[in-house]
Every structure is written in C-alpha cells, then in structure tokens.
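Protein chains: 2
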Amino acid sequence: MAAMQLLTAGCRKTPKKKKKKKKKPPAVCRSSVSLQLKTICVSMATRRVVQVYLDLLSQPCRAVHILLNCNKIPHTVRTVALRKGENRTPEFTKLNPMNRVPVMEDNGFVLTESDAILKYLAAKYDVPEHWYPRQPEKRARVDEYTAWHHNNTRPHAAKVFILEVLVPAQTGSPVDEGRLIRALSQLDDTLDKLESMFLRRQPFLCGDDITVADLLAVCEVMQPMGGDRDILKERPQLQRWRSRVQSAVSESFDQAHAVLYALRDRRKAKL
Amino acid sequence: MAAMQLLTAGCRKTPKKKKKKKKKPPAVCRSSVSLQLKTICVSMATRRVVQVYLDLLSQPCRAVHILLNCNKIPHTVRTVALRKGENRTPEFTKLNPMNRVPVMEDNGFVLTESDAILKYLAAKYDVPEHWYPRQPEKRARVDEYTAWHHNNTRPHAAKVFILEVLVPAQTGSPVDEGRLIRALSQLDDTLDKLESMFLRRQPFLCGDDITVADLLAVCEVMQPMGGDRDILKERPQLQRWRSRVQSAVSESFDQAHAVLYALRDRRKAKL
Numbered sequence: 001m002a003a004m005q006l007l008t009a010g011c012r013k014t015p016k017k018k019k020k021k022k023k024k025p026p027a028v029c030r031s032s033v034s035l036q037l038k039t040i041c042v043s044m045a046t047r048r049v050v051q052v053y054l055d056l057l058s059q060p061c062r063a064v065h066i067l068l069n070c071n072k073i074p075h076t077v078r079t080v081a082l083r084k085g086e087n088r089t090p091e092f093t094k095l096n097p098m099n100r101v102p103v104m105e106d107n108g109f110v111l112t113e114s115d116a117i118l119k120y121l122a123a124k125y126d127v128p129e130h131w132y133p134r135q136p137e138k139r140a141r142v143d144e145y146t147a148w149h150h151n152n153t154r155p156h157a158a159k160v161f162i163l164e165v166l167v168p169a170q171t172g173s174p175v176d177e178g179r180l181i182r183a184l185s186q187l188d189d190t191l192d193k194l195e196s197m198f199l200r201r202q203p204f205l206c207g208d209d210i211t212v213a214d215l216l217a218v219c220e221v222m223q224p225m226g227g228d229r230d231i232l233k234e235r236p237q238l239q240r241w242r243s244r245v246q247s248a249v250s251e252s253f254d255q256a257h258a259v260l261y262a263l264r265d266r267r268k269a270k271l
Numbered sequence: 001m002a003a004m005q006l007l008t009a010g011c012r013k014t015p016k017k018k019k020k021k022k023k024k025p026p027a028v029c030r031s032s033v034s035l036q037l038k039t040i041c042v043s044m045a046t047r048r049v050v051q052v053y054l055d056l057l058s059q060p061c062r063a064v065h066i067l068l069n070c071n072k073i074p075h076t077v078r079t080v081a082l083r084k085g086e087n088r089t090p091e092f093t094k095l096n097p098m099n100r101v102p103v104m105e106d107n108g109f110v111l112t113e114s115d116a117i118l119k120y121l122a123a124k125y126d127v128p129e130h131w132y133p134r135q136p137e138k139r140a141r142v143d144e145y146t147a148w149h150h151n152n153t154r155p156h157a158a159k160v161f162i163l164e165v166l167v168p169a170q171t172g173s174p175v176d177e178g179r180l181i182r183a184l185s186q187l188d189d190t191l192d193k194l195e196s197m198f199l200r201r202q203p204f205l206c207g208d209d210i211t212v213a214d215l216l217a218v219c220e221v222m223q224p225m226g227g228d229r230d231i232l233k234e235r236p237q238l239q240r241w242r243s244r245v246q247s248a249v250s251e252s253f254d255q256a257h258a259v260l261y262a263l264r265d266r267r268k269a270k271l
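Protein chains in written order, with UniProt numbering: chain G, 1 to 271; chain Z, 1 to 271.
Check each hint, because a few of them may be wrong.
[Unchecked claim] BS3-like mimics (lysine-lysine), calculated; alpha carbons at most 30 Å apart, straight line:
no. : chain 1 : residue 1 : chain 2 : residue 2
1   : G       : Lys84     : Z       : Lys270
2   : Z       : Lys159    : Z       : Lys270
3   : G       : Lys94     : Z       : Lys138
4   : G       : Lys124    : Z       : Lys193
5   : Z       : Lys138    : G       : Lys124
6   : G       : Lys138    : Z       : Lys72
7   : Z       : Lys159    : G       : Lys159
8   : Z       : Lys193    : G       : Lys159
9   : G       : Lys138    : Z       : Lys138
10  : G       : Lys94     : Z       : Lys193
11  : Z       : Lys138    : G       : Lys72
12  : G       : Lys193    : Z       : Lys159
13  : Z       : Lys124    : G       : Lys124
14  : G       : Lys159    : G       : Lys193
15  : G       : Lys138    : G       : Lys124
16  : G       : Lys193    : Z       : Lys84
17  : Z       : Lys124    : Z       : Lys94
18  : Z       : Lys124    : G       : Lys193
19  : Z       : Lys94     : G       : Lys138
20  : Z       : Lys124    : G       : Lys138
21  : Z       : Lys94     : G       : Lys193
Read the hints as simulated data drawn from the structure, not as lab findings.
Build out the structure end to end from the sequences listed, making use of the hints.
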C-alpha cells in the first residue's frame with residue numbers, strides 16, 4: 001500500500017504530542033499531504049487514532065470523511081485510489097477481502113460498510129446525539145433511511161455518474177444515451193421519494209436535525225456533479241435540504257468534495 | 001384492507017385481560033385464524049400491541065415474524081398478500097407509500113424496512129442482548145452485515161426464486177435457463193463470502209451468538225426452497241449455521257416458513 005496517500009485531521013493536541021512533533025517528523029506521514037484538503041499531519045506515535053481507508057471519489061467515503069472532520073474525531077486518512085486498483089493490492093485485500101472502501105480501523109478493530117462505520121463512530125466517539133439519536137423511534141428513522149438508501153439513492157445516483165463519466169473515461173466510447181435516460185428516470189423516482197417521503201414535513205431526512213442519513217444521501221446526490229450535472233437543479237426542496245446539510249457541516253462539505261469538484265473542472269476544461 | 005388476515009401471537013396475559021377475554025370475544029379477530037401458525041387471539045381492547053403487516057412469502061417479513069415469536073413480543077400480524085396486490089390498496093398505501101412489506105406499527109409509530117424494524121424491536125422490547133448487542137464493536141458487526149446484506153444475500157437469493165418460481169407462475173413461460181445460471185453463479189459468490197468472511201471463525205454471522213443479522217440472512221437463503229432448491233445442499237458449513245439458527249429460534253423457524261414449505265409442496269404435487 002506504498003502508493004496510498006496518508007492524511008491526518010482533527011487530532012486533539014496535547015502538550016506531550018506537540019513536543020514530539022517538534023523533535024521528529026510524524027512516522028505515519030509516508031507520502032504527500034494534500035494542502036487542498038487543509039489537513040495537517042501530527043504524530044501518532046503516542047496514541048492510536050482511527051484510521052480510515054478512503055477514496056474521496058467514492059460517495060460513502062465522503063460521508064465518513066465529513067462525519068470525522070466536522071466532529072473533529074482524531075483520525076488518519078489513507079487514500080486508496082480505486083482508479084489505480086489500490087483496493088486490489090495484497091495488503092488491502094488482507095484488510096478487507098471484499099476490496100471495497102471505506103474501511104475503518106480503530107485500535108485493531110477493522111470495520112467495513114459506510115453505514116456501519118458512521119454509526120460506530122457516532123456511538124464510540126460521543127458526537128452530538130443528533131447524528132444518531134439514542135431514542136428508539138428517532139434512531140429507527142435513521143435505520144429506516146439507511147436501509148432504504150442501499151437500494152435507492154445509492155445505486156441510482158451512482159449509475160448516472162458511472163454512465164456519464166466513468167464508462168466513457170474507461171472505454172473511450174461515447175455516453176450511452178438510452179441507458180442514461182433510463183438511469184435518470186430511475187433517479188427521478190428516488191428524488192421524488194426523498195421529497196415526498198423523507199422531507200415531507202421536516203428539514204432533514206430523519207427529523208429536525210442532521211443525522212448520518214443526510215451525509216450518506218447528500219454525498220450520493222452530489223456524485224453526478226463530477227460530470228457537471230446538478231441533479232437537484234429543478235428541485236428547490238432538495239436544494240434547500242442540501243444547503244442545510246452543507247451549513248450544518250460547514251467547510252468539511254467542500255473538503256470532502258474537493259476531488260469531485262476537481263474532476264468536474266478538469267472535464268470542463270477539456271471541452 | 002378487509003382482505004387482510006389478522007393474527008395475534010405471544011401476548012403476555014394478565015388476570016385483567018383473562019377476565020375480559022371470558023366476557024367478550026376479541027374485538028380484533030376479524031377473520032380466520034391460522035391454526036397452522038399456532039397463534040392465538042387475545043383481546044387487545046385494554047392495551048395496544050405491536051402490529052406487523054407481513055406476507056410470509058417475503059423473506060424480510062419472515063425475519064421479523066421469527067424475532068417477534070421467539071421472543072414472545074406481544075404482537076398482531078396482518079397478512080398483506082402481495083400476490084393479490086394488497087400492498088397497493090389505498091389503505092395500505094396510506095400506511096406505507098412505498099407499498100412494501102414489512103411495516104410495523106407500535107402505538108402509532110409506523111416503521112418500514114425490516115432491518116430497521118428488527119433493530120427497533122430489539123431496542124424497544126428489551127429482548128436478550130445477543131440479538132443486537134449494545135457494545136459498540138459487537139453492534140457494529142451486526143450493522144456491517146445488515147448493510148452488506150442489502151446488496152448481496154438479499155438480491156441474489158431472491159433472484160433465483162424470482163426466475164425459477166415467480167416469473168414462470170406469473171407469465172406461464174418456462175424458466176429462463178441462461179438467466180438462472182447467471183443468478184446461481186452470483187449467489188454462489190455470495191455464499192462463498194458468507195462462509196469465508198462472516199462464518200470464518202465463528203458459529204453465527206456476527207459472533208458467538210445469534211443476532212438479527214442471522215435472521216435476515218437465513219430467511220433469504222431459505223427462499224429458493226419455494227422452488228424445491230436447497231442452495232446449501234453442498235455447503236456443510238452453511239448447513240451447520242442454518243441448523244444453529246433453527247435451533248436457536250426453535251419452532252418459530254418452521255412457523256415463519258410454513259407458507260414457503262406449502263408452496264414447495266404444491267409445486268411438487270403438480271409435477
């Protein structure tokens with residue numbers, strides 16, 4: 001996994017750590033650090049922090065990235081570039097035989113699946129309760145959305161991006177317009193449900209405040225933006241929701257999406 | 001929803017209730033009671049119990065049914081026959097605009113998605129902790145499986161049943177052998193992962209004891225049995241796991257699967 005880019009963020013500093021930082025460069029910083037993401041390396045020698053293996057072009061990875069950053073949970077990011085097949089190296093396969101990102105490691109405990117990682121982090125790191133409420137009915141609303149998400153928002157927004165950006169980039173062939181139209185129609189149905197079911201009478205998907213469900217959802221609906229397509233363009237209700245999410249997580253939203261914006265801008269520049 | 005069959009099960013009796021039962025037949029028992037499912041009607045006049053809307057030919061519905069019965073959570077079952085389109089009646093659509101089962105109602109709180117319902121019931125009804133452990137790492141293992149389940153065990157076992165049983169029954173056309181072979185191959189891959197990832201070093205999917213994850217999974221791998229296909233036939237490791245699940249939930253396993261067994265037997269009799 002030598003090619004992986006290592007980043008650390010949001011680490012609470014102690015005097016002890018500061019001292020060590022001055023004496024010696026961080027042992028874990030093996031490769032370049034992205035200034036764009038405004039993250040800083042600090043020494044991990046004295047304590048273990050959460051490690052996450054992410055590709056920020058992957059929607060569920062961005063959701064995990066946002067939760068960690070906006071809650072200042074001490075963590076290290078190891079970038080696993082899917083386009084370079086870094087998820088298929090023997091080292092990564094050992095970590096996650098499913099070869100998927102995100103993966104989280106917390107003091108030896110390895111966990112896959114963004115849904116599970118977000119809920120684990122919320123429980124373990126004592127983030128503000130609204131992220132994953134403890135009250136059974138409120139929690140059930142989050143579990144209900146996340147279960148629904150896997151077969152709705154997740155595949156449908158992803159498919160538009162795959163057809164419009166990934167497949168043409170990988171094969172050199174033009175966009176399959178017929179399949180794209182069908183995918184957009186399926187996505188429309190999902191967006192309708194997000195509006196009429198989940199946001200019908202409340203500002204966030206699962207209630208009055210932001211939860212991990214909003215993170216999973218917003219990162220999916222942002223994905224077609226990589227192909228310069230804003231799928232919420234004609235949906236003011238969902239636009240307002242996205243703005244609320246963006247405000248609630250402040251700069252961590254754009255930090256997580258920097259790679260997607262860069263992709264969009266590169267594609268625009270080529271045209 | 002007049003056509004729905006109403007069943008009640010596992011209600012804890014109090015002396016007060018017994019008295020009322022003697023005086024008056026249960027107000028909620030509007031239609032036939034299935035003796036096969038060994039359920040009994042009791043009066044619901046004095047208290048509200050969980051109501052679940054199920055079709056026991058649906059895998060996630062069976063998982064909910066098993067959890068309720070083997071933990072003796074007081075509940076009422078309303079059968080929503082998908083084959084009769086009872087999930088599309090105005091009354092049911094009002095309850096769940098997604099037109100899906102299972103749906104749970106607990107004292108006015110309506111919840112969809114089996115994954116969320118199982119976790120809510122485990123939290124709210126104080127079932128033995130092993131069903132959905134509170135310790136963060138153990139709980140995360142259950143959340144990890146349930147997230148994975150939605151795009152693996154769930155669609156792949158279902159597809160085999162759809163191609164082999166549902167489509168021929170609905171269209172009268174023979175089984176599409178090419179599609180069935182591809183579906184069986186995808187399912188094989190999922191079963192490999194269940195063995196090598198989840199059951200590698202433990203008796204149940206998420207640890208040493210049964211959890212809601214095992215219920216969701218076992219109900220899926222049972223589904224092709226409706227077409228007389230035991231997909232675990234040549235998989236002793238998964239067979240042992242299924243037996244463990246079956247033992248752990250005792251008669252509630254066969255109660256939930258009675259409708260599937262009946263379908264299999266009817267199909268066999270026709271051949």
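If any of the earlier hints don't hold here, list their numbers in rising order. Hint 1 contradicted; others consistent.
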